[in-house]
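Chemist: Okay, here's what each chain looks like letter by letter:
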Amino acid sequence: MTVAGGVIGARVSRAEDVRLLTGRAVFIDDLRPPGVLEAAILRSPHPHARIVRLDTTAAAAHPGVFAVVTGADVKSLVRRPQPLIWRLAPGGPETVAYPLAVDKVLYTGHGLAAVAAVDRATAEDALELIDVEYEPLPAVTTLEQALAPDAPRLHEDWPDNVAGRAVVAQGDVEAAFAGADVVLRETFRFARQWGASLETRGVVATWDPFTSHLDAWVNTQSPHLIRELFAEVLGLSVDKVRVRVPDIGGGFGSKSGFYGDQVVAAVLSRVSGRPVKFLEDRRESFVATVHAREQRIDVEVAARTDGTITGLRGTVHGVLGANFSTVGLSPCWTTAAIMTGPYAIPAVELDVVGVVTNKPPYGAYRGYGLPKANFVHEHVVEALARHLGLDPHEVRRRNFVTEFPYQSPVFVYDSGRYAECLDLCRDAVRRAGWADRVARARAEGAHMGIGYAFHNEVSAFAPSRIVNMSGLDHSGFDEAAVRIDSSGRVTVHTGQTSMGQGIHTALAQVAAHALDVPLDHVTVVSGDTDSAPYTGYGTAASRAAAVGGAAVLNAATRLRAKVLRIAAHVFEASPDDLEISDGVVSVKGVPGRSVTLAAIGDAAYRRPHGVLPDDEEPTLHEREVYDPVNVATAFGCTAVLASVDVETGAVELLGYLIAHDCGTMINPMIVEGQLQGGAAQAIGGALYERLAYDASGEALTRSFAEYLLPTAGVVPPFGINHMETPADHIPGGFKGAGEAGVIGGGAAIAHAVEDALAEFGVRITSLPITPPDLLAAIRAGAER
Amino acid sequence: MKAARFDYVRATTVDVAVDALARGAVALAGGQSLVPLLNARSRRPEVVVDVSRLPLTGVEQDGSTLVLGALTRLRAAETSPVVRRAVPLLAEALTHVGHVSVRNRGTVGGSVAHADPAAELPAVFLALDAVFTARGPGGTREVDARDFFLGPYRTALAPDELLTDIRVPLPPPTARHGLAELSRRPNDLAITAVFTSVTLTDRVVTEARIAVAGAAPTPIRAHAAEELLRGQALTPEVLAGVADAAADATDPVDDVHAPAAYRRDMTAVLTRRALRQAVGG
Ligand SMILES: Cc1cc2nc3c(=O)[nH]c(=O)nc-3n(C[C@H](O)[C@H](O)[C@H](O)COP(=O)(O)OP(=O)(O)OC[C@H]3O[C@@H](n4cnc5c(N)ncnc54)[C@H](O)[C@@H]3O)c2cc1C
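Quick mapping for you: the protein sequence lines, in order, are chains X and Y.
Here the first sequence stands for residues 2 to 785, numbered as in this note's numbering.
Here the second sequence stands for residues 11 to 291, numbered as in this note's numbering.
Isolated chain X (complex conformation):
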């Protein structure tokens, strides 16, 4: 089903914004239940050490302290270790991690004890009174250190530091390489980065000692998943756990997992008998929230002289943290799963190797493996074109998937018009006059260049049964309920989470469109597992608008049918002869024969007599469970104009154009916001962000003075061009847009830099591109 015109597709401003912009939003830190305590966590100063002695006596005696727990205490109060929901390497070793370290600390910042006190400052005072004796152990922080034959082992019962292996394969790779005209090889490195949001992660947990009921406010993207995992870990039935979600100041995937500190807050509440708030401070967020991106990828590509890519093989090394996050190896597996991107590469064999290091867990961050895959396949396209003397866009075209559905090594791509999207992007570049700008700059001795990257994105995650078979211990459907009340106004209930992205507005648009009611007659309610419909995977994986939107669309469409049946009864007409416009039902072509939704609502709830047909149940309420039959592939092309100062190695971005297709757009303004925010994060990833460690394993980036996010001053203006290829299998034709912006930016920036530095033959194979590294590459090129 596709939809066009009307409220779907309208650039309406976001209903959420007034509250957010006027300071009326309620974030986790604004919640102060009576008697609430604040928690602080003692964190290891060592990257790897045995805990020889841990004495909390003085801390417990400190005035204002209500509870102190150690890792062992927490372990004794939980039913099982922290859950892993995605097993991609069945039979492979798994880390056994409790919310706090028990015998050994495995990374700088690893929590080992926690205090609940009258306020955070007092809790921190008490942390200083905890007496710990550590026996430092040698640490490994790089892939090479971790894989060295004599490497210190993080988990002593493992044979080595390999956390799992998986394979992504399709076709006959041996034959492809045996018959290749050219074979190119390259190694890529991606630094550790993370999805830093403006608001840090937090929880306010209240344990009811009489009913053993946990009431937790969590600024999470996955309230139902968190509820399930709280229940599993605490040994409660699910009905005993309520998860509520306040306003969220950004998530980016890093708020989607289930964290040990959430359990710690619950345990502290249980021990102290008071509500307990734990909110990461900015400093600890650098070690307490999952990291991401760090990989080394070795690939070989087989091709023909005309640029046709016939084979791809290699290894994705995921440089994981010491313990698994909720999603384990899956972000690195996803890199391999979509390494062929938009290209029809018939033979693929990619190993995925996860390796543990003495660093915080590796988890979700917007893009989820895709930015690395994109960097690799786009580098391959450019390298092949250079090697064969072809235009890289010709190589792209020659290899694009053109027939859909297309079975890639893992995913089935539902639809796409890649060549048209590439043209849309190139036209935008032409209109912007970049080529002239580059020519003029070069004539003046400056170094300016243009780079492109084409991406596709697996969105609308995901068919529940298929993802279960892939090792995911969770579902991918969405439930929605749409109600019209007795005044004719509409309420949409969703399991999706609002975190600044505008999902309430988008879902309201879907319902308003389906019901033909004014947009401001629709309210969206979410954020409480006691009342909200169930969401499988939560608000992540570019699925909220597509899967959540489809569920709302179906429910609202059914509700519309009920409205029409009631109105038909009133008019003694056929529902087919009726129409709804602006909340009024009328008989087509008969002016004056109309009834308002308010009147129908009144009949449905309060005064059915004479209006509601006898066979019609009172109330106006429909519920839908939508489980997609397939993911939906969105796609796009990014073009970047950049200049490089060849004396300093500094890169400046001068222009940034995106052509994008996410199927039917619910609200182009929201799509653009998503693309821009994602692109800003791509810029951060390409040029600034790196979680750095020294040789001994010490963390060097502990604040935003060392970990550089892209600021307004380094983010250029964006130009966005849309096209719409609806997902045929998804009601509404929606595809996801949440992650798109971050995927292609790194490669496009790298290619712009390479183009600017063509005379030096600089090749970018690692991110971020820092001025000292780039200057060294320029100098090496100048010497060649």
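These aren't lab readings, by the way, just hints derived from the structure by calculation.
All C-beta atoms, glycine included, are put in the ideal place defined by N, C-alpha and C.
Careful, some of the hints might be misleading.
[What the hints assert, rightly or not] Derived coverage of chain X by chain Y (criterion: at least 3 residues anywhere in the stretch with Cβ under 8 Å from a Cβ of chain Y; other residues may be distant): (1) 116-127; (2) 647-658; (3) 703-713; (4) 772-778.
Following the hints, put chain Y with the ligand in place on chain X, whose structure we already have.
Modeler: Relative to the frame of chain X, chain Y with the ligand by itself:
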């Protein structure tokens, strides 16, 4: 992190402030550097004495000297017509100190007393031979800029001394300035920055000042480079020699943003750029 417990006193007079300092208090001016340090518990004074409301504010020209009250907000100094006219290098350097919101609160004296080796103002004051006035229990003393910066975050101020004003001898009206700063993002603390003030007579340099931030434990003057410049016209060869001499004056360290060698190299690049700006503009 939350600061460790401390007592807070607001000084109403300089004497009260000095008295508090003498009893171990730490001065709080704009708080832009001190408050993060307190919150990280890397500084844990028992008493913080808030000096921000002392009447040590304002900028004025006193004959051939620019006098800045230590508690003048960075933004006030930056936008002061007096500063812009009398010492344009200082006015331009101020636009590089953090963001406007930081400059609205941060003070000129705080930046000097904090003595971050990469900070702009200490280097500018060093380039211009400023004199700092300190008030302690024993009275007032003056310290030349060249004797003031002792190491990273370390100055000649005794713990019981309050910086009260900064006196900058005005460069001659014919002096021209140049500033070249390299930072990762606009308004970040510099990786390296070079500040120059040059006087030319008939295209020949008669006086030159070159100071570098971010390339040594303290801001430094590149004296040998200055010497090479004096009496010369700014040809590319002279420029290259001067730039190399400035780089030789550095003593940088590695950090997460750049290795030492990069900072050294950048000193040469930035010296050339700053000098070109000075003579070209
Ligand atoms: C986001 C951000 C960006 C920044 N970027 C830059 C930058 O680019 N360049 C740069 O140079 N700085 C930068 N800074 C640092 C900051 O601007 C200065 O260090 C700051 O303004 C110091 O002045 P203050 O008045 O805030 O001092 P405070 O923070 O109040 O004090 C700093 C130190 O100086 C001492 N002190 C203050 N006044 C006196 C006095 N009168 N006598 C004796 N001791 C005194 C205090 O005791 C303390 O030790 C930045 C800061 C932030 C938060």
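Chemist: Taking a Cβ-Cβ distance under 8 Å as contact, does the region 647-658 of chain X have three or more residues in contact with chain Y?
Modeler: Per the Cβ count (3), the hint holds.
Chemist: Tell me if chain Y covers the region 703-713 of chain X under the three-residue, 8 Å CB rule, please?
Modeler: holds (count 5)
Chemist: Count the residues of the region 116-127 of chain X with a beta-carbon closer than 8 Å to any beta-carbon of chain Y: does the count reach three?
Modeler: holds (count 5)
Chemist: Quick check: do three or more residues in the region 772-778 of chain X have a beta carbon closer than 8 Å to a beta carbon of chain Y?
Modeler: holds (count 3)
Every hint, counting from the list given before, is met by this structure.
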